[in-house]
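Q: This is what each chain is made of:
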Amino acid sequence: MSLDCIDCGKIFDEGDLAAGACQGCGEPFTPDTVIQLNAQFGHVVEAPEVIAPVVQTEGPPQEIECANPDCAMPLMGDDMAAYQNGLGCPYCGHNKQAQSVPKPPQSQQVSQNVSQSQPPVTPPVSSAYTWPFYVNSGPLAKHKAVIHLPNAEIIGRKFFTEALQAACQSHGADFTAYHKALGNISREHIVLEFDVTCLMGDPTPFFLMDQGSTNLTHVNRDEVSGTVRFGEGQMLVLAQELHLSMAPTSGGIEISHVDTGVSVALNLTAPEGLHLGRLQRNGQHEAFAKAVLGAMDADSTLDSDEYRRISRRHAHVIHHPGSTSTTGDPPSLSVTCESGKDATVLFQNATARPVDEQNPFNYSLTQGEILTLVIGKQQFTITCV
Amino acid sequence: MPTMTAALQKGKAQANAKLISNGMIEITPDKNATALPLDIVMVLDVSGSMQGEGIQVVIDSVLHLQSMLSSNDRLAIITFNSSANVHSSWVGASDTIAGMQASGGTNFGAAINKLLDFLGSDAGDSGRAGIALFMSDGHAQKASDADVQQITSFGYTMHCIGVTGGVNPDELEHMAELARGRYFSAPSFSDVKDKFTKLFNFGKTVWYSAPVITVDVSSGVTLSEVMEVNGLDLCNGQSLTAGQHALTLANFTQGMISQVSFKVEADHISLGPNTLAKVTFDSISADLNVEGCSDTTEILGAPINNAVTISRTTAKATKAIKTGDTAVATRLLTKLDTIGNTVASAGETSTILKTIVGETNKGTIHETIGSIAVDTTGKTVTRKN
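From first to last, the protein sequence lines stand for chains L and S. Residue 297 in the numbering used here sits at position 287 of the first sequence, and the numbers go up by one each step. Residue 283 in the numbering used here sits at position 257 of the second sequence, and the numbers go up by one each step.
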């Protein structure tokens, strides 16, 4: 569809795009208009490279504490290095890697854990460790395609081009749909690094560093400046175009929007859970909803207004990790509706369970079980992977 | 020394073609610029319509302003009804000022002519900040626009203060714009005190009074819609064609930068460097350049200066709000919101302007718009004084 000038009615051509302004009346273009016209005329404009500022990363810790609560001895120098390398605490013998921090899994293992039904996508990297991410924008979202981000490497346009190309080839999806997003990703855009000093249950066990990208990095709706923590349940947005979310590890719970395939892992420790609606309780936009709306807008067969008819705050889904003690509660899932709102949970045997403010839904989901949550005309699957 | 830049929306354009674009001149003060001592000339309406509440507000205002003068500041008073007189030539904080009575008709033309006579008879001193304060209820025979504009040729700007509850703000605001000043709404004496404090604090930040820039427009080039960011029209709706033009800007104040945006039309862009205009202020100058290219890819890849887009859109939006064109204002604010997705400051500007769009009191609209400025980080702000 051609864009025209709201002021003078001129239908924009490449001359307008080149000038950055309507050549009929001079009205300057917004960045969005430039992007739309670039897409319309098939220009893949590379984001101009900037000199990346020196990112002040936190650097290696000076000391760490032994994770054994009975010891908690501060470890420094060689002791710290030995402890981090799995040789055990020199004071109590506690082995950090074996008992408190999951060893970063290799990509193949993670792929199998995410979903046995998905064909694993070969990562275009040779890094020792990679992390699985769902592609939540463009045609790959429907396929719940996974790409693997390498650990502690600077990645940018080249990496994502190869990864998305491979994924599109694997799923038969249209790679050209990603041209605009890839054009906006900087050559050196981000680094994702597992924090080897984090403890089990840390909801954000990764460092995410923006490398001075031209078109920015966001986690949920927050712009990343320098280094931030990152984890499951958060939406990573590159150049405001490419939405990615970390696929859940084994035992985790994942929510997917059925029409678009946009998926996110439920963070085990987030007390607010995931809001199904457009806003979180704190008034901020729910990044999951933004990704869904973006995917619906990009698909001519879907009407994103149908999603907008879900109340701004309709329901939220929380994963309770339960207690690890033998007398504690098992891990469970709850769905709670806001005042005056309702939803329906469909079990795999087609049994329906209505949910409203007075009747929240609490359930211990077993591995492999899939529930469907229906809100208005929108359906979401909740899966324990 | 202050610095000045001139920039086009894009630094590259199609060679051997016509170009319609947008541009901006930006003047940043010297960090060491100091505030100038004040010469204040009060021009006071003592006509019959000011009898009672109005004349009392005027008298109280004079005494209050006199009490605010510092040892380096001076005050003169001109009173007018159907004719005008110099009531008090330069007085200091401790001098006696004679009383006033309200009677007769109201002739703004006589008041402005007397002010021009007074300023012409005074030697003038570029080392002082000249400020005229015009106080009236706004019901009068109008002054000629050319006469009001002439005030700036003496290095003075004129602010207009609308007093009494029945004020007609439109002509006062118009005169303030012509004389590069601001409009203040002050129905009661307590309002006047508040506005005087703002004006006085504003005056204490002036580092260049009624600055004049010279714009030398190249052959085949036209600059139009030349405005400051608060919608102050520097050419009264006229265009600048080839040749030299002197433009008087609003006072330069500390902590703020002066932005002048405009539409640019060039009949022909040559291959290679093109200078569309040369701008001079005191001893500094800047060229408005664009490079003509034949490589479309190179032109499309050239970055767009978003600051120009934001400044132009803000100026046009404030002008639309001021003239009551709500439909255009709303569209431009939506545009700023869209740019805000990429450049946060545009969204903040939109938020500021939205507070005025719903305002029904014209005096408040004029006053708020007059307080809009750009700080040294390039962010649009409302002066808090």
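Quick caveat, the hints were computed from the structure, so don't treat them as lab data. Bear in mind that the values here come from a model prediction, so they are computed numbers and not experimental data. One thing to keep in mind: the hints can contain errors.
[Stated by the list, open to error] Dumping the calculated DSSO-like pairs for lysine-lysine here, alpha-carbon to alpha-carbon at most 30 Å:
| no. | chain 1 | residue 1 | chain 2 | residue 2 |
| --- | --- | --- | --- | --- |
| 1 | S | K140 | L | K300 |
| 2 | S | K388 | S | K57 |
| 3 | L | K300 | S | K405 |
| 4 | S | K224 | L | K20 |
| 5 | S | K57 | L | K20 |
| 6 | S | K57 | L | K190 |
| 7 | L | K152 | L | K300 |
| 8 | S | K345 | S | K380 |
| 9 | S | K44 | S | K224 |
| 10 | S | K380 | S | K140 |
| 11 | S | K44 | S | K230 |
| 12 | L | K152 | L | K20 |
| 13 | L | K20 | S | K345 |
| 14 | L | K190 | L | K152 |
Q: Work down the list of hints and note, for each, if the structure agrees.
A: Cross-check of the supplied hints:
no.	hint	in the structure
1	K140/S x K300/L	63 Å, violated
2	K388/S x K57/S	36 Å, violated
3	K300/L x K405/S	28 Å, holds
4	K224/S x K20/L	45 Å, violated
5	K57/S x K20/L	45 Å, violated
6	K57/S x K190/L	42 Å, violated
7	K152/L x K300/L	16 Å, holds
8	K345/S x K380/S	13 Å, holds
9	K44/S x K224/S	46 Å, violated
10	K380/S x K140/S	40 Å, violated
11	K44/S x K230/S	46 Å, violated
12	K152/L x K20/L	37 Å, violated
13	K20/L x K345/S	23 Å, holds
14	K190/L x K152/L	19 Å, holds
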